[in-house]
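Order-wise, the sequence lines are chains X and D.
In our numbering, each residue's number is its place in the first sequence (first place is 1) plus 1127.
In our numbering, each residue's number is its place in the second sequence (first place is 1) plus 549.
If you're looking for bench data, these hints aren't it; they were derived computationally from the structure.
Ideal Cβ positions, reconstructed from N, Cα and C, are used throughout, including at glycine.
There is no bait here: all hints are sound.
Below, simulated DSSO-like cross-link-like pairs (lysine-lysine); rule was C-alpha separation at most 27 Å, straight line: (1) X:K1365 <-> X:K1523; (2) X:K1268 <-> X:K1320; (3) X:K1411 <-> X:K1160; (4) X:K1523 <-> D:K895; (5) D:K562 <-> X:K1435; (6) X:K1359 <-> X:K1320; (7) X:K1365 <-> X:K1435; (8) X:K1523 <-> D:K814; (9) X:K1523 <-> X:K1435; (10) X:K1365 <-> X:K1307; (11) X:K1359 <-> X:K1272; (12) X:K1160 <-> X:K1506; (13) X:K1411 <-> D:K875; (14) D:K583 <-> D:K901; (15) X:K1523 <-> D:K875; (16) X:K1148 <-> X:K1158; (17) D:K811 <-> X:K1523; (18) D:K692 <-> D:K656.
Output of the computed footprint for chain D on chain X, the stretches with three or more beta carbons under 8 Å from beta carbons of chain D: (19) 1129-1140; (20) 1400-1414; (21) 1424-1431; (22) 1447-1460; (23) 1518-1528.
Coverage of chain D stretches by chain X, computed from C-beta distances (three or more under 8 Å per stretch; other residues unrestricted): (24) 807-821; (25) 828-838; (26) 863-875; (27) 913-925.
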Amino acid sequence: MDLRFTDQELAFRDEVRTFFKENLPPAIREKLKEGRHTSKDELVEWTRILNKKGWAVSHWPREYGGTGWTPVQQYIFLDELQQAPAPSPLPFGVSMVGPVIYTFGSDAQKKQFLPRIANLDDWWCQGFSEPGAGSDLASLKTTAKRDGDHYVINGQKTWTTLAQHADWIFLLARTDPSAKKQEGISFILVNMKTPGITVRPIVTIDGGAEVNEVFFDDVRVPVENRVGEENKGWDYAKFLLGNERVGIARVGVSKERLRRIRELAAATTDHGRPLIELPRFREKLAAVEVELKALEMTQLRVVAAEAKRAKGKPDPASSILKIKGSEIQQATTELLMEVVGPYALPYRQEHEDEEGWNEPPIGPDWASTIAPTYFNTRKVSIYGGSNEIQKNIIAKAILGL
Amino acid sequence: MDFDFSEEQRLLKESVDRFIGDRYDFEQRKTFAKSDSGYAHENWKQFAELGLLAIPFAEEHGGFGGGPTETMIVMEAFGRGLVLEPYFSTVVLGGGLLRHAGSDAHKSEFIPKIASGDLRLAFAHGERQSRYDLADVEARAKKSGSGYLLEGEKSLVLNGDSADTLIVSARMSGDERDRSGIGLFLVDGNAKGVSRRGYPTQDGLRAAEISLSGVEVPVDRVLSEDGLPIIERVVDEAIAALAAEAVGAMAEMHALTVDYLKTRKQFGVAIGAFQALQHRAVDMFVALEQARSMAMFATMMSAEDDAEARSRATSAAKVQIGRSAKIVGQGAIQLHGGVGMTMELKVGHYFKRATMIDVLFGDADYHLARLAEAGSLAA
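Kindly produce the complete structure, drawing on both the sequences and the hints.
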């Protein structure tokens, strides 16, 4: 047992760190540090920098543009990316639909879509959730009715992240309405420019509009846009949901956030002293650091085990990563709220943070994103299978209850 | 990065697991506890035969040449077995002080006796006023002829009643809480002027209050004249070992609880069918795995030479262990219901041991404050 990184792993970490330092556009780094959202153009710019280096789809098989890195290297890459802080490549393409296409898709689909995902030529969004199907995903109602060599899609998807930028959506739709719940579902790729699609923003409690409702009204899609077999979509969806495990804990994001909390707490005074010197505050910060260190070690244990496990079989222990990872992310936003104090109050529209806005900030210039980040981060224990669902998974799959 | 055990470590784990499985069930343990020393001498001989008593010592002194990982393997198994024998006092604490402070002559004299099972040690350090402050030593060592005379009161000395040799800390110079001037002395347990009052502890182990009154120590029995850095280092190693023991106890508590949820029926179903109880069992599982991760981290860092980095890591682990032990231990009793409250059932004994581990060498709050004071864990 030797839990230290090997010399090769350390050299790899330095290589990645140096690359991010030299190639991440400073404006993007600043935005992420301040908790602001990057624009579509900025994510495209950054993805193309990564893709040119061969790192945009690092975890894909080599034949489709992946790197062949070990699980430990993948972990190091992600950890450094999150700590830089740099934007993660758009997950809906690289982590969700991409692996489904190269695993179950036709040759034509692989050729058409995979290189464009890696280069972010196509912006993908995810059409799984519906108004009546949240944690109980298989109760979805959207239908795809066969009409010659087309499907005609009708229904509504919701919580569709960044659909306002999307060129394509992958969705689950019912192709056999008479079949049992999990059967009769197909996995279909739909061009967002097809007539009959309407995207409507959902404004979330932080004031942002990163999620949307997407309506399908007699949308005609060629049959060749179905992935794999008809009525087998649930299997592909399960594969997709079990796939994105490394990085779910977002340890690097929380590490970076804790560093920022230290900086800001050193620059904030309380009774004439830097807040960071208050024992009560330091203990809260230390408590989160302990939790995060434990999570990092747990994550590394899962990564090390992953190297030895059969492909495509997610480790149920990764549910721990989701639960603790989300709790810690939320704890960091609570600490930020404590640092900003009363200057959490002023509300500033997000577009006011864009360039060209000349109004002076109210309070510290970093204050305006703190409360929205706190509100927005409540989502992390809800999406991707709420933490209560994760507990059900552990109870069943690990404890056998 | 590698989480796997080496072939030798795997064999060690197999042999100590087998020992706990075959010879240390709950009923056997009750009979071991009835002896005067509070444990079975027969087991101690077995430990010697299995080579467990030689683990952390260098081969040149008759040791096994093992490191923190080997100690972790043994202590975790002992946690599962609720082992009563003074392994922690003799090998981890006493042995640690000998390894880090002893001269070649000390090591050659004492280590072979430890390895053969003929020498049990206890570390007489804590005092009535010292609580968790390792530098708080009032006991005095006065120069007398070519040696020293020890005066003072030592408290909560683990296995102090049955130890053959005590390692006593006493102030050679300075004031009560000065960092320098603390000496370490090897004292025969039956030496003139040593009086020991042994008693049982909450977790079924034993400790002693020890009075030192004009105890003569020849100069060749001085282990260190500047003992605090060594004490701190050994306590860091000891906390890593206790963390592993706590993980063993927590894992067993969790397994017993999950079994109980599957077998205990109420309202016509196994109570494990109820989601409220499932989620509590999952909270225990998450706490257990986080503790296991930090026990590994503490084990890795206990070999670190940078004292500050080592101390921060140790504190972080102790915080996690203490907090996890509460979640797992209280949950185990709650989910067992009334029977969990009985002395007859094993689960409560694990709870008591895990709770006592929290108050050894600084509880979770103490270490959180220490970590906060020291700055960032990441630094």
